[in-house]
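K.L.:
The primary structure of each chain is shown beneath.
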Amino acid sequence: MTGYAQLDLAASVGQILPELVATAAFLLAVVVDLVSRRRKEAVCAVVLAGCIAGLVLSLAQLKAGQSLIFAGMAAADPLAAILKAVVFLATGLVALFSLGSPEIRMSGRGEYYSLLLVVAVGACFMASAMNFVMVYLATELVTVTSCILVAHAKDDRRASEAALKYILFGAAASGVMIYGISLLYGATGTLSLTGVSRALVSGQVPGLVAVLGVVFVLAGIGYKIAAVPFHFWCPDVYEGAPTPITAFLSIVPEAAGFGLLIRVYMLGFGERMGQGWAAAASLDWPSLLAVVSALTMTLGNLGALHQTNLKRLMAYSSIAHAGYILMGFVALSKTGLNAMIIYIIVYLFMNLGVFAVLIGLSRRLASDQIASFRGLGGRAKFPAFAMTVFLFSLTGIPPLAGFTGKFYLFAAVIDAKIYWLAIVGALNSVVSLYYYVRIIKAMYIEAGETEGGPIQLPALYTALLVALVVPTVVLGIFWGPLAGMTEASLRFLF
Amino acid sequence: MVTLGHYLGLSAVLFAIGVTGVLVRRNALVVFMSIELMLNAANLAFVAFARHRADVGGLVFVFFVLAVAAAEVAVGLAIIIAIYRNRGTVNVDEINLMRW
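These protein sequence lines map, in sequence, to chains Z and H.
Numbering-wise, the numbering used here puts 97 at position 97 of the first sequence, and it's gapless, one number per residue.
Numbering-wise, the numbering used here puts 9 at position 9 of the second sequence, and it's gapless, one number per residue.
By construction, these hints were calculated from the structure, which means they are not laboratory data.
Where is the CB? At the ideal position from N, CA and C, for every residue including glycine.
One should not assume that every hint holds.
[To be verified] So, partial list: chain H residues that the calculated Cβ filter (under 10 Å) puts toward chain Z:
no., residue
1, M1
2, L4
3, F15
4, F32
5, F49
6, A50
7, G58
8, F61
9, R85
10, R87
Model the full structure from these sequences, guided by the hints.
P.N.:
Now the structure itself:
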């Protein structure tokens, strides 16, 4: 157990400033929604302000040390701080994306923006939970609110179908998870992660109960990060949800889910061994997660191969990327966790970039089908170029940010001597090149309709694309400061 | 004499019935009810363990599960109503605009 200092209630409040500010911004957004005339823009501005304040306050917590807050319910540590920063950055970007999106404009309601902040707050608590009560509450806050967002276009048949699948899967997954938690509680007599770890290490927990608990809890977390076999909701929800929400779901719950995975499995089901971590007692969950990781990336990539709808393709691609990120966790080392965090940050830029192109062009494209991207290279030069950068980066081609991320992940797995997983990962990267390049080929090589003439992207989206292309390229060449920051944020665990 | 084992046995049976319901029933409302059964199986286990160990942690968890389940059902039923308005059915086999 690492040295967490227990803070009293008054001191705890100071440690959740980002969440408090985001909650205050949410409440303000609800009021503004009622009184303002240009309410969509006004609410979006309030939400953006909340995200920026949350981002700044989270970054300020990076160097704040580590403590347990609210009687051990949550932790304030650099790992939580960096994931909170990711969550607020992504939420702010998605709020901006949504401004010009026809799917959001149609429904014309301000509460859409305010609900984004609620999910962000839930995601922050997911990333800092230290007690199973908090794990459950934070996960449910994210799931239930995300379902409202997916169902936001309530007259859209696909959106309501996606929302139904999302909430049914989510509720079933959390039902399995709390049954697992109840078994662990019965066997260990505590709900705190560190307490569970102590009990598991002491060997007083019956083996079967421990195995069932560890596997059942994986259902709840696996659902959030879309890991096989809990990924079935992902393609349908990505395809059916409004595109900005798809972008949101691809990064915010996923980043928080990985934070939760690190906390629950390392601090709850693991124990510290010298310089690294190992599974507690006789549980071999690292091997289980290695298999899950290999299956997740393989099924994700194979599923993406024959997709014709870009949003559905991105769903399978995000399943595959969840598999890559899991590789870093399996290594259970400082380099492995560092690789995970770097990859999540890099993934934020490149994945949101793809969706930004899709949303920016959505007025001019016939559909989300890849076929409607034909000939785009000639008609919309900058968006097509940006899309190419993002897709190559997702494949992991140097000198783009995706390569940096993959490099760290593979280095960590090889370092941990799990060679078979590294080989599976490398083969998968090759497979993924095929379907990403298919989109690029459609844009540049295949002839499309030309009668539409050149497409002018709205200024907001041009600015957003520049803001996403720059980090995607820069982090591929010059990643030292980012890697240094993420490594410093993990130092307390090792 | 009802022992901890009896409660856990009942809880395991309830959980199994709930999981089976989620997997085999096709009506979205019945699937939701089966999920409630899974949650209540966990609640029963929590209460039994809390009494056995004379610890209030499990009881607190049950309160949170009840409250969250209510919120989840509120959103879930709203979505089912939206589906019914759009499609005229709540059968999950017929709700299949999107396929593999």
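K.L.:
Now, for every hint given, state plainly whether the structure supports it.
P.N.:
Against the structure, the hints come out as follows:
1. M1: 19 Å, violated
2. L4: 8 Å, holds
3. F15: With Cβ-Cβ at 6 Å, under 10 Å, it holds.
4. F32: Holds: closest Cβ of chain Z sits about 7 Å from F32 of chain H, inside 10 Å.
5. F49: Given a least distance of 4 Å, the restraint on F49 of chain H holds.
6. A50: For A50 of chain H, the interface hint holds, since the closest Cβ of chain Z sits about 8 Å away, which is under 10 Å.
7. G58: This hint holds: G58 of chain H lies near chain Z, its Cβ roughly 6 Å from the closest one there, short of 10 Å.
8. F61: With a closest approach of 6 Å, the F61 of chain H hint holds.
9. R85: With a minimum Cβ separation of about 8 Å from chain Z (threshold 10 Å), the hint on R85 of chain H holds.
10. R87: 6 Å, holds
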